[in-house]
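A.B. asks: Letter by letter, the chains look like this.
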Amino acid sequence: MTKEPAVRLPPVEQVGIVVRDVDQAVEYFAATFGWGPFKIRESEMKGVTYDGRTGDCRLKMAFARSGGVEIELIQVLEGETPHSDFLRRHGEGMQHLRFRVDDCDGTIAVLANEGVDPLWHQKFPGIAAFAYMKTDKTSGLMVELFEKKESREGRGGLA
Amino acid sequence: MAGQSSIVLPPVDQIGLVVRDLERTAAFYYSTFGLGPFSIVPEVKFDGVILRGRPTDSKIKVAFADSGSLQIELIQPLEGENIYAEFLQAGREGLHHLGFRVDDFDGMLARFKDRGLEPVFWKHFGFTAFAYLDTAKVGGVMAEVLWPKERRKRGK
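Taken in sequence, the protein lines are chains A and B.
For the first sequence, the numbering used here gives the first residue as 1, with consecutive numbering after it.
For the second sequence, the numbering used here gives the first residue as 1001, with consecutive numbering after it.
Same shape as in the complex, but just chain B (with noise of 0.2 Å):
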């Protein structure tokens, strides 16, 4: 067969929310809508993280909750570059990616920069490993490829 052949993403595992607020917006989810409650990880170390081919170091505040055989994820990032900081500074909040969760990370990657899309913001950390492709040039759909497959269980 001619030409590349098409990706194929497993199904949306994960709903990435960015915002300003971190705990107002969980608690407005959960109060207005009783999307929650969430379960909030008051501070993330992003050490090294590759931000468009440049290693950066950031924090952020993440929280997580189902919905159904989804998991919404909340962040706000608290200090240093990474692109849900940017993601704010351009003046947007809300919605910012969809996760999948994949077997072979670095395969994925690789598929992924044949049809000419860079991670932009990426680590792989050995027990697991996530990058961020950006669709901007049709469709604005920021996919976040994810390593285990498995989501980890999440302590109480």
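With the rest of the complex left out, here is chain A (with noise of 0.2 Å):
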């Protein structure tokens, strides 16, 4: 007997790569994959929850389609993150899949019954919101939920 899903996230749609010089990076997947053209943004994030605490971060970011999914590559540049503390353990690579949530704190409210608990998140409220789930110490895999109101499509660019 399976029991019924806690949520039924929709397909992957970012796969997110940790690296150490983005610039550098998109050159070398341009070359070796044929991946690009990249868009690149640098972002400031005030107030992030990082496992409890909140904190300021700087990221530079690239992003790029491969077929159905969107490949992002992040460098921190200022602050402590997931991806740098990523970086610190096993260097570079990909570290997390991204999936699109209608409502960001509903289905942390609902995980966290299942034991699944944010480790990275922040709200933009009537804009966006993320949330880095803690699921990388029970399976290896870090899942990012990600919501964003369409009306405001111009104001991409989030982790």
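These are computed hints drawn from the structure, not numbers from a lab.
Some hints here could point you the wrong way.
Listed below are the simulated DSS-like cross-link pairs for lysine-lysine, each with C-alpha atoms no more than 25 Å apart in a straight line [claimed, not checked]:
hint	chain 1	residue 1	chain 2	residue 2
1	A	Lys3	B	Lys1061
2	A	Lys123	A	Lys148
3	B	Lys1137	B	Lys1059
4	A	Lys60	A	Lys39
5	B	Lys1137	B	Lys1045
6	B	Lys1137	A	Lys60
7	B	Lys1045	B	Lys1059
8	A	Lys39	B	Lys1123
9	A	Lys123	A	Lys134
Output of the computed footprint for chain B on chain A, the stretches with three or more beta carbons under 8 Å from beta carbons of chain B [as the list claims (entries may be wrong)]:
hint	stretch
10	9-20
11	42-55
For each residue, glycine too, the CB sits at the ideal point set by N, CA and C.
Both chains are sitting in their own frames, so use the hints and assemble them into the complex.
C.D. replies: Below, the structure written as structure tokens:
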């Protein structure tokens, strides 16, 4: 007997890759895999909750598509994030899969009942929300939940 | 045009994860996230697979599920040497590779070789072939080149 899933995430929409140097990685993956063109952007994030504490960080990110998924390259410029932790422990590489949700808070609440809590998360009321979930300890996979109000498409660029 | 031309891989077809306990992980992904259900192949024999230039025999357990157009593959090494056991031994678990299906397997490997990327784990079985290429130098992405281009339909 298999019980009904707690949530049903839609198909994977993004693969997140932690890199040391976004510009170098963009050039390398363009030449070696044919990925790109990438859109490169820096993002300053204030008051992100990371493992219960609030902090600021600055990220440099690059985005490109590969068929059905987005490739995100992430370089931490300042601050502590799950990406800087990953880089210290493992070096560069694939770090998360992102799934779109309608209601990030609601999904977090349901997953809390399953013993899965958010690790790194932030809400931008009326615009977007994201949460990296603490699933890497149970299964190795970091799951990112991402909610975005489509009417504010121009505001993208969140991690 | 001077210099090497870019290699162009087809779109990502597969996301591969290496896990310590495949059954437990597959059950967790399905019950928690609705990812799956996975179809499990309890034992796959990898005889004579070339690990960094040297033939190796190993056994793995694999599971597959679809996520939209992508295939999610879970791999648990059972015995012998392979890159999956190495991944776990390095203290890793989780996202391991991106799989790309190609028509011209040998040609793709030759183009990677021109760029200094030799397959770290590979075999051509005649009816199917795979080769892992590790971009450890930059980006740290393990790419798996798979042939044939079309995914085999999985039986019930």
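A.B. asks: Within the assertion that chain B covers the stretch 9-20 of chain A, do at least three residues meet a Cβ-to-Cβ distance smaller than 8 Å?
C.D. replies: With 8 residues close enough to chain B, the hint holds.
A.B. asks: Do three or more residues from the stretch 42-55 of chain A put their C-beta atoms closer than 8 Å to C-beta atoms of chain B?
C.D. replies: Coverage by chain B is violated here, the residue count being 0 at a Cβ distance below 8 Å.
A.B. asks: Can you confirm whether the C-alpha distance between Lys123 (chain A) and Lys134 (chain A) stays at or below 25 Å?
C.D. replies: Satisfied, since the Cα-Cα distance of roughly 17 Å is no more than 25 Å.
A.B. asks: Taking only the CA atoms, is the gap from Lys1137 (chain B) to Lys1045 (chain B) under or equal to 25 Å?
C.D. replies: Not OK: Lys1137 (chain B) and Lys1045 (chain B) at ~30 Å, beyond 25 Å, violated.
A.B. asks: Between the alpha carbons of Lys1137 (chain B) and Lys60 (chain A), is the straight-line distance 25 Å or under?
C.D. replies: Holds, at about 20 Å.
A.B. asks: Hinted pair, alpha-carbon criterion (25 Å max): Lys123 (chain A), Lys148 (chain A). Please report holds or violated.
C.D. replies: holds, 10 Å
A.B. asks: Does Lys1059 (chain B) lie within 25 Å of Lys1137 (chain B) when you go C-alpha to C-alpha?
C.D. replies: Cα-Cα ~28 Å, so violated.
A.B. asks: Lys3 (chain A) and Lys1061 (chain B): Cα distance at most 25 Å?
C.D. replies: holds, 24 Å
A.B. asks: Quickly compare the C-alpha distance for Lys39 (chain A) and Lys1123 (chain B) to 25 Å and report which way the hint goes.
C.D. replies: violated, 36 Å
A.B. asks: Under the criterion that the straight-line Cα-Cα distance not exceed 25 Å, is the pair Lys60 (chain A), Lys39 (chain A) satisfied?
C.D. replies: OK: Lys60 (chain A) and Lys39 (chain A) at ~11 Å, within 25 Å.
A.B. asks: Verify the proposed pairing of Lys1045 (chain B) with Lys1059 (chain B), using a straight-line Cα cut of 25 Å.
C.D. replies: Roughly 5 Å between the alpha carbons, so the hint for Lys1045 (chain B) and Lys1059 (chain B) holds.
Violated hints, listed in ascending order, are 3, 5, 8 and 11; each of the other numbered hints is respected by the structure.
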